[in-house]
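One-letter residues, chain by chain:
There are 2 protein chains.
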Amino acid sequence: MKVILDGMGGDNAPKEIVKGAVEALALCDGEICIVGDETQIMDELKECKYSGDRITVQHASEVIRTDEAPIKAVRRKKDSSLVVGLEMVKDGRGDVLVSAGNTGAILAGSLFTLGRIQGIDRPTLASIYPILGTDKPSLLVDAGANSDCKAENLLEFGVMGSIYMEKVLGREYPEVGLVSLGTEDTKGTMLTKGAFELLENAKLNFVGNVEARDIPKGICDVIVCDGFTGNVILKLTEGLAWNILKLLKKKFTEGIKATMGAALLKGKMNDLKSQFDYSEYGGAPILGVKGPVVKMHGSSSANAVKNTIVKAIPYAAEDVVGMIQSHTENIEEIKMRTV
Amino acid sequence: MKVILDGMGGDNAPKEIVKGAVEALALCDGEICIVGDETQIMDELKECKYSGDRITVQHASEVIRTDEAPIKAVRRKKDSSLVVGLEMVKDGRGDVLVSAGNTGAILAGSLFTLGRIQGIDRPTLASIYPILGTDKPSLLVDAGANSDCKAENLLEFGVMGSIYMEKVLGREYPEVGLVSLGTEDTKGTMLTKGAFELLENAKLNFVGNVEARDIPKGICDVIVCDGFTGNVILKLTEGLAWNILKLLKKKFTEGIKATMGAALLKGKMNDLKSQFDYSEYGGAPILGVKGPVVKMHGSSSANAVKNTIVKAIPYAAEDVVGMIQSHTENIEEIKMRTV
Numbered sequence: 001m002k003v004i005l006d007g008m009g010g011d012n013a014p015k016e017i018v019k020g021a022v023e024a025l026a027l028c029d030g031e032i033c034i035v036g037d038e039t040q041i042m043d044e045l046k047e048c049k050y051s052g053d054r055i056t057v058q059h060a061s062e063v064i065r066t067d068e069a070p071i072k073a074v075r076r077k078k079d080s081s082l083v084v085g086l087e088m089v090k091d092g093r094g095d096v097l098v099s100a101g102n103t104g105a106i107l108a109g110s111l112f113t114l115g116r117i118q119g120i121d122r123p124t125l126a127s128i129y130p131i132l133g134t135d136k137p138s139l140l141v142d143a144g145a146n147s148d149c150k151a152e153n154l155l156e157f158g159v160m161g162s163i164y165m166e167k168v169l170g171r172e173y174p175e176v177g178l179v180s181l182g183t184e185d186t187k188g189t190m191l192t193k194g195a196f197e198l199l200e201n202a203k204l205n206f207v208g209n210v211e212a213r214d215i216p217k218g219i220c221d222v223i224v225c226d227g228f229t230g231n232v233i234l235k236l237t238e239g240l241a242w243n244i245l246k247l248l249k250k251k252f253t254e255g256i257k258a259t260m261g262a263a264l265l266k267g268k269m270n271d272l273k274s275q276f277d278y279s280e281y282g283g284a285p286i287l288g289v290k291g292p293v294v295k296m297h298g299s300s301s302a303n304a305v306k307n308t309i310v311k312a313i314p315y316a317a318e319d320v321v322g323m324i325q326s327h328t329e330n331i332e333e334i335k336m337r338t339v
Numbered sequence: 001m002k003v004i005l006d007g008m009g010g011d012n013a014p015k016e017i018v019k020g021a022v023e024a025l026a027l028c029d030g031e032i033c034i035v036g037d038e039t040q041i042m043d044e045l046k047e048c049k050y051s052g053d054r055i056t057v058q059h060a061s062e063v064i065r066t067d068e069a070p071i072k073a074v075r076r077k078k079d080s081s082l083v084v085g086l087e088m089v090k091d092g093r094g095d096v097l098v099s100a101g102n103t104g105a106i107l108a109g110s111l112f113t114l115g116r117i118q119g120i121d122r123p124t125l126a127s128i129y130p131i132l133g134t135d136k137p138s139l140l141v142d143a144g145a146n147s148d149c150k151a152e153n154l155l156e157f158g159v160m161g162s163i164y165m166e167k168v169l170g171r172e173y174p175e176v177g178l179v180s181l182g183t184e185d186t187k188g189t190m191l192t193k194g195a196f197e198l199l200e201n202a203k204l205n206f207v208g209n210v211e212a213r214d215i216p217k218g219i220c221d222v223i224v225c226d227g228f229t230g231n232v233i234l235k236l237t238e239g240l241a242w243n244i245l246k247l248l249k250k251k252f253t254e255g256i257k258a259t260m261g262a263a264l265l266k267g268k269m270n271d272l273k274s275q276f277d278y279s280e281y282g283g284a285p286i287l288g289v290k291g292p293v294v295k296m297h298g299s300s301s302a303n304a305v306k307n308t309i310v311k312a313i314p315y316a317a318e319d320v321v322g323m324i325q326s327h328t329e330n331i332e333e334i335k336m337r338t339v
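Residue numbers (the working numbering), protein chains in the order written: chain L, 1 to 339; chain D, 1 to 339.
In this list, chains with the same sequence are indistinguishable; a pair is considered to hold if it fits within one copy or across any two.
Simulated pairs of lysine to aspartate or glutamate, EDC-like, Cα-Cα distance not exceeding 20 Å:
#1 K187 x E68
#2 K249 x D271
#3 K257 x D271
#4 K246 x E211
#5 K187 x D214
#6 K250 x D214
#7 K266 x E254
#8 K217 x E238
#9 K235 x D185
#10 K217 x E175
#11 K250 x D135
Hints listed in this document are in silico derivations from the structure and should not be mistaken for laboratory results. Just so you know, these numbers come straight off a predicted model, no measurement behind them.
Please put together the full structure from these sequences, using the hints given.
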């Protein structure tokens with residue numbers, strides 16, 4: 001297995017990216033090829049005192065910035081670390097691409113370079129959703145790639161998310177739920193009602209509608225929604241958790257009694273904080289394109305890079321892309337039947 | 001001012017409803033008329049040792065249950081506490097209706113009995129959104145009444161929410177934000193892009209798009225979104241906060257050191273819990289119908305009932321309904337201009 005790593009994407013590139021690659025070697029077999037400015041990457045490898053042969057460097061002279069218009073950037077910057085990396089996966093010179101760069105560019109680049117899987121109308125970004133107090137996160141699909149969706153797209157998200165959950169995260173016969181206004185079958189919008197019918201007819205362990213209040217409890221393994229809703233769920237969770245922890249910290253330093261109590265609870269508070277730390281869970285896979293691609297958070301630390309590389313290997317090795325391809329006939333059939 | 005109180009709606013009716021009414025008297029002027037089964041309500045008043053003349057009872061023989069189909073229930077049960085109460089507001093025998101009953105029935109009943117304000121296509125349910133660490137909650141419109149919306153509806157929500165925030169919650173020139181995928185003007189779905197244009201042209205303090213991660217920080221006074229998104233925001237907040245507190249409680253009893261720490265922090269933890277307690281903030285107003293109506297949570301306690309009654313009085317006294325009516329001309333004009 002050879003992981004292609006975009007060395008220049010994200011806020012902390014190339015330093016944290018290279019550091020994460022070196023750290024990942026201890027946890028997995030295979031090779032890593034870092035794509036980007038050769039001089040900078042070699043310097044960082046030296047910094048990490050790395051001198052082995054499992055990391056190679058592929059030079060690319062351009063970088064796509066986070067604030068660039070995705071489609072234009074991907075079309076124009078043919079020698080960017082992202083596009084060069086994607087070409088390597090396409091050519092078979094690598095098995096999976098990992099990048100912390102511009103999300104839109106990763107999506108557009110994956111679509112242009114690798115192509116869409118037949119039968120999949122909308123490739124999607126799936127994100128791990130941590131469930132507090134457990135080590136069994138849920139998978140949220142779509143996590144923000146497709147803001148305006150049709151019912152058929154939500155079916156695709158459910159099918160692809162279910163395969164990824166089973167093959168990569170090792171959850172057998174994953175439960176798939178549809179975000180809606182209530183748990184009753186009849187509740188929802190025109191979009192969710194249409195998607196409900198399609199998901200019910202798919203070869204999935206579909207558990208029906210789920211309410212947003214039950215998502216943090218881990219109500220199901222795969223949470224299906226449109227990308228607008230997925231974005232709201234992810235960002236609200238992040239914002240609210242951050243706010244609660246901030247308020248706790250403030251309250252816990254008001255007065256001597258509280259400060260003493262807080263000192264005794266410091267370890268427990270850190271446990272809690274780490275539960276919200278996305279860097280522990282690996283990145284977000286792009287599903288529906290003809291090759292495995294994983295997007296990391298733009299501000300990924302070396303630790304996040306390391307964990308993402310480790311999780312990216314089964315994504316490539318288990319041939320999730322092939323599995324999705326073999327399910328598309330089934331998808332087409334369901335779509336035809338219920339239209 | 002005379003508050004009409006649905007004595008039979010909600011999980012804890014009539015006991016907590018009546019108790020809340022008695023408690024409210026100490027905090028406000030005016031009268032309360034409790035509508036429902038006379039015998040049961042009189043019994044509860046006796047239980048509260050109430051013998052004054054500021055509470056009266058209006059008998060109604062029927063009750064609309066939470067699980068009933070709203071429109072059918074409102075049409076058939078003409079002598080239900082909800083419908084009788086709404087008729088009283090319509091006739092001028094009362095100034096505002098407060099109910100903890102079936103949300104759909106309150107919405108449908110308000111629409112059928114009181115009628116829609118001209119120029120408002122979709123009456124809405126607005127909900128208080130508590131901002132941790134402050135006593136300045138935001139207002140979320142729509143909180144779940146209208147799941148499929150057009151851009152014009154979001155404009156209406158913004159205008160009505162802004163008036164309510166200013167007149168009832170006393171926030172001058174309230175900042176109105178639109179929930180979207182990013183803060184840039186161009187980000188969003190077809191729906192939010194359309195709504196952005198309309199809100200920008202309205203006589204509002206429109207601050208543009210807001211991201212879900214900033215909602216818990218109190219990014220703006222009035223948060224505008226479709227009812228599906230509003231429902232997700234409210235329920236996810238509730239579920240996540242509950243989950244975090246549950247996990248903290250668990251962690252804080254693991255081991256002697258933690259238990260000691262938790263004992264020292266008990267007061268602070270209770271402070272935090274009360275910040276999530278919706279019963280402190282009063283109910284959710286129905287906006288866009290020709291009369292003030294306030295919906296409380298189905299499981300409202302006497303404390304929630306008391307606070308809702310107190311907040312319902314300025315809603316009626318400040319003539320929010322009249323204010324909305326006088327703004328509809330402006331709304332129609334904006335809709336025409338941008339279509």
